[in-house]
Amino acid sequence: MNPSKHHHRILVDLIRNKRWHYLGSVVAVAIASYFMFLVPTIGKVVIDRVITDTPESDGGFLNRAIDWAGGAETLSEHLWWAGLAIVVTTALAGAFMYLKDYLASRACEDTLKDLRERLFAHLHRLTEGYLNNADSGDIVQRCTSDMDTLRQFLTRQVMDMGRTVVLVCILVPLMFAASPVMAAVSLFMLPVVFVYAWVYFGRIKSLFQEVDEAEGDLTTIVQENLTGIRVVRAFARQEYECEKFEQGNARYRDLNMKLIRMLSNFWASSDLLCLIQSGFVLIGGGYLASRGVITVGTYFAFTLYANMLIWPIRQLGQQLSEAGKATVAIGRIQEILDAPEEPQSDAERDLPDDVRGDIAFEGVSFGFEPHRLVLKDVSFKIAAGETIAIVGPTGAGKSMLIQLLMRLHDYTTGSIRVGGYELSSVRRQSVRRRIGTLLQEPFLFSRSLRDNIKFGRPSASDDHMVRSTTDAAVHHTIEAFQEKYDTVIGERGVSLSGGQKQRVTLSRTLLRGSPVLVLDDTLSAVDANTEQQILKALSRKAGEQTLLIITHRISVCRQADRIFVMQNGQLTEQGTHEALHDRPGFYRQLWRIQSGQKAQFEDDADDARQEGSLLNAT
Amino acid sequence: MNQEQNSTPSKRGAWKTLFYMVYRPQKRVFHILLVAALITAGIDASFTLVTKALVDDIVAHGLQADLIRYAWMYGGLVLALVGFIWMFIRLAGGLSTALMYDLRKQSFEHLQRLSFRFFDNHAVGWLLARITSDTQRIANVVAWGTLDLFWGVPYLVAIFGILIYLDWQLGLVVLALFPFLAGVAMWFNIRILDSSRRLRKTNSRITAVYNESIAGVQTSKVLVREDENLNEFQKDTGKMYRQSMHNLLLTSAFFPFVNVFVSIATGAALWLGGTAVLAGTLTLGTLVAFMAYARALMDPMLEVSEKLAELQRTTACVERVIGLLEVEPEIVDSESVQRCMDRALVEGATTVDGGVDEIQEIEFRDVSFGYKPDEIVLRDFNLTVPAGATVALVGATGSGKSTIASLLCRFYEPTEGQILINGQDYRERSLAWLQSNLGIVLQTPFLFSGTIRSNIRYGNLNASDEQVEAAAKAVNVHDIIMQMEKGYETVVQEGGNNLSTGQKQLISFARAIIGNPQILVMDEATSSVDTQTEHWLQESLQTVLDGRISFVIAHRLSTIRSADMILVIDAGRLVEQGTHESLLAERGRYYQLYRKQYQTESEEQLLHSG
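Protein sequence lines correspond, in order, to chains A and B. By my numbering, the letter at position 331 of the first sequence is numbered 331, and the numbering carries on one by one without gaps. By my numbering, the letter at position 477 of the second sequence is numbered 1477, and the numbering carries on one by one without gaps.
Please note that a few of the clues may not be correct.
To be verified - Residues from chain A that face chain B, not an exhaustive set, calculated with beta carbons under 10 Å:
| # | residue |
| --- | --- |
| 1 | V46 |
| 2 | L112 |
| 3 | R512 |
As the list claims (entries may be wrong) - These stretches of chain A come out as covered by chain B in the derived footprint (C-beta under 8 Å, 3 or more residues):
| # | region |
| --- | --- |
| 4 | 132 to 146 |
| 5 | 284 to 294 |
Worth flagging that the hints you see were computed from the coordinates, not collected in a lab. Everything numeric in this text was worked out from a predicted model, so none of it was measured. Where is the CB? At the ideal position from N, CA and C, for every residue including glycine.
My request is simple: use the sequences and hints to build the entire structure.
Here it is, written out as structure tokens:
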């Protein structure tokens, strides 16, 4: 497929959906154009029939209407009819113009709303792989500022351009019908002005861009200065910063001035072209009228017709050359929409509501690149209701285990079963509904605590919510806030400590209730006592809820039924605390560090120094 | 006096201040603009008079009409008009550009003088908007508003004058319609501006939602919130839809409305004027002129009402910018220090304020401090540091360690007590002298966009390339930089996203020492530095700390142990002080902190080596 065509697919689709609106607005603007044409025509007819009493050869419907109403005599006695006709016609032209705007705005805004929502939904379906590698700032920029460009383009440029084109199509034939000579006199400059504007703006496009960039650079200078104000002051670099700003400020000023000079040249010269057109109508028309080739009324009407076209045409040229910006924006939006979504097949089923929480991994390997596996042939079985602690160094693949379990990534080798169901044949949403997970980085939205806790289950009652916050040992903390559960957190509200965030996210997951609960190093910032309190609350469900805890704390491991040690993508040790802490290996090392007795303290340090592995400075 | 608080000058006050600020330096441009606008208005008003005379001539004389004369008149007017248009676009555009430049320069330079307390209370985004968009709006409104008012009002007056002169009765009829027209235009303009503002607000709300959604997308997926999120988002897009429609429809209703009013004027002219022509009391040319003038009223009236509405709605911007400029800096050199500096400049002294350059001793004497008057974060702090000593500050987050460093750097001044350098209150020395003798490494390293070389050189603008490299070698970052494709010319992107935190930390370390500062302040970063970088950092630390007074907010055992003086800070008080050995022997707070940190570091070692 042609790539540029491909790029605008989205726009073509969206416009096609609204084709009746667009068609309607074209019809409306055509009718409005006709009424706009009628207004000077009324003046013309009055001047010809009543005031100068020129015999009218052509039988336009206005003339026939006058004849029907009693001829020029009657009209001259009731000249207010003509005045009223002008007002009514203008009002009708305005009404149809408004109708056109209404239809076109509806169509544009519907299109934009659709597109915004489509982008938003799409963002939620992007694969983890894509999201991890993507620059989220860039994605947001495409969804917002490129959308703004598109909005400007659709609601202003397209609407104006469409209007001008229809206006030309309606007015030009009518003018030729009224007087071919005068039409030629009053239209010959149109193509010149159009091409002039189009070419001129095409040529200064790069200057516009330079000005934009200079302004962007200036903004960056200010932003960096303000963000790095401590560094500026620390080195007493205020003067240097002022100089740097001065450079950016002066550069922007000079470029802007250059642009203004270019624009002043354009506006003055194009005004000249347009006014020459009017001059030709005025003088040339006067000549024709004095020769009797056209009537005085026709002369009068054409001085107005000419002005109705020339100025919009100039704008059309400018807008056409600026349309390129929108094309780029549309392409960038399309690229986001083309990014891969999590695949979904119709063959996938939902897990039953009463699914059991037993988990089985069998020969699971996984890696983003074939030769760099994150998980290597991992197999284990966890019975429903068991509590498992997973320990291991950073990068051992612990989190990947969880991500596969949540179907955030798709495993390709081996098998993962939950409650006996092969995960790859279960709908992602259904898996996520049945497995409650706390991710490593606690993320809260900037809304009230209540809304955050009920985020995964908006229908939950407040009682239920308090039960989950009590289990997560955060209820009292929340009650101590002035606004309690209505406290808004985030940028515009209270900022929580790391431990508080972790406990709130825990209560959010607990509120959902699920046969499997996974904590990915989620209590690291919570102090030991509180952690014990939470574990005690969680242990009430032991036997019915399978609990997986990724942790570094021996105190947590001791309470687990079994401990898994992961190293380099493999399961290297498993067993109870009693079994593992006697065996040489990672677990014993960790246990020794954490259970270090006061008396051992200095000795250990000496040992470490000798080995040269734990501390590298003396 | 406005002590770093944002003042809110009265509306007229802000405009008045602004007026004097912008009018004085640009007096000449304003005056030329005024004259040019007046002449342009005159030319604009004369066009229709030519048409009138031409029509009358044709009706009266037919073929004998001297069309060439009219062609000359018309041509002359066109050329004059185009010339003036050309001129005043340049003048007004130049004025607006100059104003923007001045306002931005003044605001930026003013911000450089304000103290940290001000920046604590004002978000970067807020300040940025003042310097960039507010100044732009003000400059545009002042320059183009002035032009349009100077042009529009005389133009309107001229049209009225001509109408009354041509036929005063008919003139009055058109004139009577004008107040309605102006009222409608004002009504629409104000509403359109307000509706645009609401629209912008909703638009930024949508941006915020996108930002948050993408940041929390994993959370939403895991909690299966996709559908609810979309439902919520639809409320925002729905609002955007309604507001945008409202805005578009207001705009599109505006013109037809004005047009109908104008057509009432032209219709009346046709009716009454036509009747008068038939009665022989009015010429056809005058009738045509009347209808043309009735239409011509529209342009200046629309421009004037638009600019008046904008002017009214820009008041808030003006208040904010003027308010910012009126904030007085809190920490400045006292008058006596300034006198010393002037003298030092004349005498060519070695230091900027003529004082002693070498720092022998720093003393904190009964220092208390609070960011807010009622919240004391540091209480009765006493400390004497001799030359060359390394002081390690340890304690929990929020205990007041960073405050001590900030006070030393004179980012804030003690609420009570004194900080003495060589026995002299540091407020008797100049800020520039103290701060040019400081080297600071912050916990979260901040680099400017530019090359790595220019970032290191920020610490000593006169440093040669060799000195830059020597500094980099001293902190073990030279090899890392050389491994990069472009070496020292590697461009640091905005926010430094192309470098790891560890690399940025090392570069900012090099930046701190290149000026060979007498005092080094370091806020050690434990998190986000990988083991390898940490190793390098530690190795270089000893050489760097040597021979200067160093204040280190320390987390790492190695740094703490090697310090000459260890201070344990808790809740704003100094609770323990001594050397590593003496404090360990005490088995107090330090012992516990040390033990915990020891465990953490051993654990980290195990977890990261695997």
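To see whether the hints hold, each was checked on the structure:
1. Satisfaction of the interface hint for V46/A is found here, the shortest Cβ-Cβ separation to chain B being roughly 6 Å, below the 10 Å cut-off.
2. Nearest Cβ of chain B to the Cβ of L112/A: about 8 Å, under the 10 Å cut. The hint holds.
3. Because the beta carbon of R512/A sits about 7 Å from the nearest beta carbon in chain B, less than 10 Å, this interface hint is met.
4. Only residues whose beta carbon comes within less than 8 Å of a beta carbon in chain B count, and the region 132 to 146 of chain A has 5; three or more means the coverage holds.
5. Counting residues of the region 284 to 294 of chain A whose CB lies closer than 8 Å to any CB of chain B gives 6, which reaches the minimum of 3, so the coverage claim holds.
Violated hints: none; the structure is consistent with every hint.
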